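Residue numbers (the UniProt record's numbering), protein chains in the order written: chain A, 1 to 303; chain B, 1 to 532.
Keep in mind the hints are simulated off the structure, nothing from the lab.
Given the structure is predicted, the values throughout are model-derived calculations rather than measurements.
Some hints could be false.
Stated by the list, open to error - Sample of chain A residues with no beta-carbon within 10 Å of chain B, all distances over it, derived:
hint, residue
1, D84
2, K176
3, I264
4, M287
What the hints assert, rightly or not - For lysine-lysine, the following DSSO-like pairs were computed, each having C-alpha atoms within a straight-line distance of at most 27 Å:
hint, chain 1, residue 1, chain 2, residue 2
5, B, K458, A, K126
6, B, K375, A, K126
7, B, K374, A, K126
8, B, K458, A, K12
9, B, K375, A, K125
10, B, K458, A, K125
11, B, K277, A, K132
12, A, K5, A, K194
13, B, K277, A, K125
Ideal placement from N, C-alpha and C gives every residue a C-beta, glycine not left out.
Residues per chain, in single letters:
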Amino acid sequence: MSILKTTNLTKKFGKFTALDGVNLELNKGEVLGFIGPNGAGKSTTIRVLLGILKATEGEVSIFDKDAWSDAVEIHKRIAYVPGDVNLWPNLTGGEVIDLFAKLRGSSNTKKRDELIEKFDLDPTKKCRTYSKGNRQKIALIAAFSSDADLYILDEPTSGLDPLMENVFQECVRDVKSEGKSVLLSSHILSEVEKLCDRVSIIRQGEIIESGSLNELRHLTRTQMLVETREPLGQLGNLKGIYAIQKKGQSTSFQIDSNEIDNVIKYLSQFGIVKLESAPPTLEELFMRHYEGTEDRVGAGGTD
Amino acid sequence: MASQSFAKTGLLSRLILRQDRIRIPLWLIGLSFFTLIIPIAFIDLYGTEEQRAGIIETMQNPAMTAMVGPADFANYTLGVMTAHNMILMTAAVVGLMSILLVSRHTRGEEEDGRIEMVRSLPAGRLSNLNATLLIVALTNILLALIVGFGLYLLDIESLDLEGSLLYGAVLGGTGLVFVGVTALMAQLSESARGTTGLSIAILLLAYLLRAITDVSNEKLSWLSPLGWVTKAEVYASNNWWPVVFMVVFSIILLFFAYYLNAIRDLGAGFIPSKPGKRHASRFLQSPAGLALRLQRTGTISWAIGMLLLGSSYGSVLGDLESFFAGNELIEQMLMQQEGLTIVEQFLPQLMIVVALLATIPPIMAINKLYGEEKKGRIDHLLGRTVSRTRLILSYVIIAVVNGFVMLSLATFSLWASGTAVVEGGLSFGKIYGGALAYYPAMVVMIGISALLIGFIPKLTSLVWLYVFYSFIVLYLGGLFQFSDWVGQISPFGFVPRYPVEEIDFLSMLVLSVIALGLIAAGVIGYNRRDIE
Ligand SMILES: Nc1ncnc2c1ncn2[C@@H]1O[C@H](COP(=O)(O)OP(=O)(O)OP(=O)(O)O)[C@@H](O)[C@H]1O
Ligand SMILES: [Mg+2]
Numbered sequence: 001m002s003i004l005k006t007t008n009l010t011k012k013f014g015k016f017t018a019l020d021g022v023n024l025e026l027n028k029g030e031v032l033g034f035i036g037p038n039g040a041g042k043s044t045t046i047r048v049l050l051g052i053l054k055a056t057e058g059e060v061s062i063f064d065k066d067a068w069s070d071a072v073e074i075h076k077r078i079a080y081v082p083g084d085v086n087l088w089p090n091l092t093g094g095e096v097i098d099l100f101a102k103l104r105g106s107s108n109t110k111k112r113d114e115l116i117e118k119f120d121l122d123p124t125k126k127c128r129t130y131s132k133g134n135r136q137k138i139a140l141i142a143a144f145s146s147d148a149d150l151y152i153l154d155e156p157t158s159g160l161d162p163l164m165e166n167v168f169q170e171c172v173r174d175v176k177s178e179g180k181s182v183l184l185s186s187h188i189l190s191e192v193e194k195l196c197d198r199v200s201i202i203r204q205g206e207i208i209e210s211g212s213l214n215e216l217r218h219l220t221r222t223q224m225l226v227e228t229r230e231p232l233g234q235l236g237n238l239k240g241i242y243a244i245q246k247k248g249q250s251t252s253f254q255i256d257s258n259e260i261d262n263v264i265k266y267l268s269q270f271g272i273v274k275l276e277s278a279p280p281t282l283e284e285l286f287m288r289h290y291e292g293t294e295d296r297v298g299a300g301g302t303d
Numbered sequence: 001m002a003s004q005s006f007a008k009t010g011l012l013s014r015l016i017l018r019q020d021r022i023r024i025p026l027w028l029i030g031l032s033f034f035t036l037i038i039p040i041a042f043i044d045l046y047g048t049e050e051q052r053a054g055i056i057e058t059m060q061n062p063a064m065t066a067m068v069g070p071a072d073f074a075n076y077t078l079g080v081m082t083a084h085n086m087i088l089m090t091a092a093v094v095g096l097m098s099i100l101l102v103s104r105h106t107r108g109e110e111e112d113g114r115i116e117m118v119r120s121l122p123a124g125r126l127s128n129l130n131a132t133l134l135i136v137a138l139t140n141i142l143l144a145l146i147v148g149f150g151l152y153l154l155d156i157e158s159l160d161l162e163g164s165l166l167y168g169a170v171l172g173g174t175g176l177v178f179v180g181v182t183a184l185m186a187q188l189s190e191s192a193r194g195t196t197g198l199s200i201a202i203l204l205l206a207y208l209l210r211a212i213t214d215v216s217n218e219k220l221s222w223l224s225p226l227g228w229v230t231k232a233e234v235y236a237s238n239n240w241w242p243v244v245f246m247v248v249f250s251i252i253l254l255f256f257a258y259y260l261n262a263i264r265d266l267g268a269g270f271i272p273s274k275p276g277k278r279h280a281s282r283f284l285q286s287p288a289g290l291a292l293r294l295q296r297t298g299t300i301s302w303a304i305g306m307l308l309l310g311s312s313y314g315s316v317l318g319d320l321e322s323f324f325a326g327n328e329l330i331e332q333m334l335m336q337q338e339g340l341t342i343v344e345q346f347l348p349q350l351m352i353v354v355a356l357l358a359t360i361p362p363i364m365a366i367n368k369l370y371g372e373e374k375k376g377r378i379d380h381l382l383g384r385t386v387s388r389t390r391l392i393l394s395y396v397i398i399a400v401v402n403g404f405v406m407l408s409l410a411t412f413s414l415w416a417s418g419t420a421v422v423e424g425g426l427s428f429g430k431i432y433g434g435a436l437a438y439y440p441a442m443v444v445m446i447g448i449s450a451l452l453i454g455f456i457p458k459l460t461s462l463v464w465l466y467v468f469y470s471f472i473v474l475y476l477g478g479l480f481q482f483s484d485w486v487g488q489i490s491p492f493g494f495v496p497r498y499p500v501e502e503i504d505f506l507s508m509l510v511l512s513v514i515a516l517g518l519i520a521a522g523v524i525g526y527n528r529r530d531i532e
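Next up, chain B with everything else stripped away, as it sits in the complex (with noise of 0.2 Å):
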């Protein structure tokens, strides 16, 4: 019985591969392209020790090891600085592919009913997630050995043979944990949605946990797979354990995966679901009603991810006012500005993370209109009384509303933590008008899916390469010293980095102007097109 469960595995595997043949290229060349890219990049800007020494200074502090982790500042070549910069963060996007890799060939598929027709003909019962996990578990080693021998063939002098190799490894390591993550979180949970809920609130949380460990205590950072990613020391001590780790405990979740699987009925998971009402309240009685009932788990799910980063980023704030405490050199240079506390002028980097996480679930929640439309359930409701101007503003407020309550959960409880931890508290003031400065430019990422929703339904999920370009630009923008414009592509490049800089209330107006611009356009274009 044992080889049958087994059973076609090399059909499915073809069958993923035709489906996949453009998403899994496209996601290996653009991780590729981005990680090679960044040496070349840092090779004009920061090839000289004295270059180098520069960024150090900005670097080693308690605020950017929470965000990009520790590194050996005292042997910080090229490739140390390349891997510090890079390395966790990349290494969270090939998480993440994984994740919605796995999740779409497994319970994606088995809830759109296809597995059924499959597991129908002589194909074995665990046959579909075997091609699965292989399919994505070569990708993740493809991606392995085209960073690791593409990094080396840069011919960049600290870009050696071994830490080219182990920065791949690590990559692809990741990418093989969360592949295991995500085939256990499919046998758990019964729907798609919910194990890509379930698999990135883990990512989120191992990235949560290796920031607030990696300040506090780097020993225990061992215990979140994401700093393992760290702890492999990539161009420095080159520590290949960590690669070791990876790999057994992925296979560890996948066992369990695979023992799941062979005990469930098709369709069911383990966690229980109970009965549901017996009638609609008068809540759900709308087409926004609805919409927000749809998303009620997602939406908890970001509001508890969105409190749990702002208290992790809170709590870094007091390591940092210790960490400048009797540094005066550095005291000095950070005091040039009047009236502001050092961890007043840190304040914007962190905001730029909370400002660009928090576009996410309000991004998600308009998208989900066109993903009800793919599914064909809108004509439930356009087949009634509910016009198409009211089923699109409807889902066009709850994310405009959404995108407000994630950044002032973010806010807060950035606020409440860091009050507690640093002397003489906070003034929430200043926190969160740095975090509202964002919220025009958040509406304006909010209007650009609907008008995609409106005209080009197809091309909905663009809005994501937008938010992703944004957040690269203005992340690494002053580490990469871009000229303006590179940044205002984006409406984020035009939010003021409140309390150092001014608010900017006219660019504030032109954002929302523009924001109210392309939610009009939006509605237009749903007004006019056919639906799916």
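Bound conformation, chain A alone (with noise of 0.2 Å):
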């Protein structure tokens, strides 16, 4: 069941083009990573979701509602944080974190106090003299100590220690096992690797990926290393391999994922000594994705 749902998305602002018909989907009790260079749209994106920039066009649904129009009814079932968390400096952290839990109507405070324990913060300080993490750390208690159906993450862990950023992964787990839904958008690959289970890639405003880890993997390339009897051919020939350097026996090379099964056939004739592959790393996915388009995968050509 999709839980939240974009069809053409677009939001312009004057002439500037910011989202170009973006389609996200996300299925109930899903954690979807939401990826993509700085100033891809991201954040806009999210904006858009929670109804306080205006779609300049396509249907943004939450909850099978509209985003803006029917936003308070949406925001009941919502918990947000954002990268950058700006609190009144005269307010102390636990003042806020209760002022947000009565905004939203219903609260636990059982859950708010354990929160406040696990992130360790110290709620009777004035807002104007927390540092960024802490402040993070309030937005992502008020979040997780509601009953939110989604969650909408914007970078919410880019000031967080890795103590802390273990402690969230934590409560994106305990969420998702209670069924509910996840939107994460993140520049840490490894969070996203360990929490989501499909990722959508944004760039210049466009969606140019969606999927699992593991299709989006299956995209790119491997990196070989191999070793033979006999001196190679024309390797560079080869349809779907880049990137190949001579070091006295041995061979490197890149090579597109659906290819290998060629490759591999085509080098047994030469006598194999010594093969040694690596997974493509989500960096060098990701790093393929963030760069220009004539980089992508399956475009060809030599690098």
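Could you use the hints to bring the two separately framed chains together as a complex?
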């Protein structure tokens, strides 16, 4: 069942097109990673989802309601954490958490106290004096102590230390196990890898790839190192091979994952002595997507 | 959807009250106290008709009409006199209160990114605007009631119940008008500074429009919301229509504000912003250049304001001359001063207002240093190769130059428009000399700001209180017959009223030395303290 769906979402700021036909879908009980380079349009998409920016074109529905006109109804079941948390300088952290709970209408004080404990926050300080990470904790505590059905998190951990990052990941797993849905925008790839069922990659306002991590991996290149008894022929003539480098006896290259079979068949003619393959790292996967179109998988040509 | 747009207004109102639990009471106490103390002071000084007759002489001329508005001099009771002297100025301050409060809680909150969190919760699209307007409107209504009943309870004969309530209602009504103005500007402009700036500009324009029309054609003053203040003729004919106009006008403005707020994106405005430059100009690549660039719009607006102020005061001088022409008695009275025309004798009175208003932009310019610090942006400079001394001195120099330019602009346009309307023209030297006499005192004020920023930055805004005090004692000093020391608590109290008085070079020198001392102390303090 889809909790959140955008169809052909376009957002223009004056003449500048920030989002260009974005299609996004999040199902119940799923954690969707939303990634892309700086300025790609992640925060803009999220603001449209929250009904604080109005879509120029396209449809945005959450819980089958319209994100702009039914914002208040929708928000009763949403929790949001921005990357940049700005709070009222003369209120304490505890006051702000309670204020958010009251604005939401429902609150779970037991969960709140647990989370304050877990995140190791001193709620009696004025917000003026909190560090960036501590301000973010306040938003996280407010979010995870609510009984929301959908969590929208925009770089929620950009200021957290590794210990707190772990606490955060636990929180996400908890809500997931309760069957709730999460939209997580992040630049921390290990976090995305650990938490997300699926990812959507956005670049320059367009979704360029969507799918599970495995599916995306499949689309990318594997790093290989091979040593053969006889000298290798013209490797470069094969389809889907890039970055060939000869080092003495051994040759290293990259290979499109769907061409592995053909290439191995070809290599075996020369008598393989040693063969190492490294799966594409997530970084490589994203790098490829983040960079310009020419470098995209399957586009062919040499690197 | 309509009711949803206002969801959680109550809670957000409580949040505003919580944040302003000191600020709002301070405004209320300050304004009420100030209003109520005046008739008490007047009763000693002007309790009898004879005493008031003396003051009528000095009030009954176009220059004073431009400043405080017209009055029924045939029936100049203590009540009429209080309203005539005080209500317009107090109303303008109430307008300022509304502007600052509304701008802070609407565009200010939005700009600081706090509304984003609120809007992600089940709070309506218009709830924050609605809550702000509710609280500030209530503040104005409360002020109206306190002032209204307070004046009546002073138990002074001519301060009757209806007049007193109207006095309060006019103040509150003016506040409501500027609640509306600011709410609308908060939709148009993308920044809190822009919102406040545009709204204050409208306040000043309303004042100037009223000043010019009151002198030239009183009927046209109905065009200015501040004109309505004097049209109420409090304690004389007690006309309630202006209050009705104020309420209706503010409702119309609010309607537009709600509409625009409902259809716009968070963070966006309706005055389009154009793309900026790709690279910093050479000019921008220094702390002083940056400081100037940050205040560019504000400075230009103030400069225009000063030109307008000068030219509208200048245009009054012609009326002043024709007013006295033919009135031999007054001509004789005023002709005591050798070698001065009647118009020149009125100059010092206008100069006080010009000089004090011209003091506001340079103080804003230097206080910006602390403003930037509060927003955490000073670290970017100090973290690089900019020394603290260089940083604070950049701001001081900008302020000092700014003050000079503002004063000169206002004086020049006063002279230019005055010369055009006064027979035989005006002496530029006399006018400019009279203005420059205020310059050292102005720099002392800048020095006080520097000192506060250097040592107790949290109290930087205290300097405004001091400016306000200076304004009150100088502007009303004659009226209240204060002893000299009351005026001399302010540096402006030492300024000679040239050309009526001689220029006193010694006191100008002393003021300059004090100013330098304050600035030097400020620099030392700024080098020693923590940056927030
Ligand atoms: N109010 C606005 N007016 C004009 N352009 C805007 C506005 N808000 C965002 N943009 C532009 O839209 C694009 C997308 O911005 P957005 O903040 O969504 O990026 P992002 O993917 O969240 O980036 P990051 O990873 O840095 O957070 C950027 O080019 C940005 O400059
Ligand atoms: Mg972002």
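Structure-based check of each hint:
1. D84: 6 Å, violated
2. K176: At roughly 20 Å from the nearest Cβ of chain B, K176/A sits farther out than 10 Å, so the non-interface label holds.
3. I264: 51 Å, holds
4. M287: 27 Å, holds
5. K458/B - K126/A: Holds, at about 16 Å.
6. K375/B - K126/A: 16 Å, holds
7. K374/B - K126/A: Distance ~15 Å between K374/B and K126/A Cα, so the pair holds.
8. K458/B - K12/A: 42 Å, violated
9. K375/B - K125/A: 19 Å, holds
10. K458/B - K125/A: 19 Å, holds
11. K277/B - K132/A: 30 Å, violated
12. K5/A - K194/A: 24 Å, holds
13. K277/B - K125/A: Outside the cut-off at roughly 41 Å; violated.
When the structure is compared with the earlier hints, violations turn up for hints 1, 8, 11, 13 and for no others.
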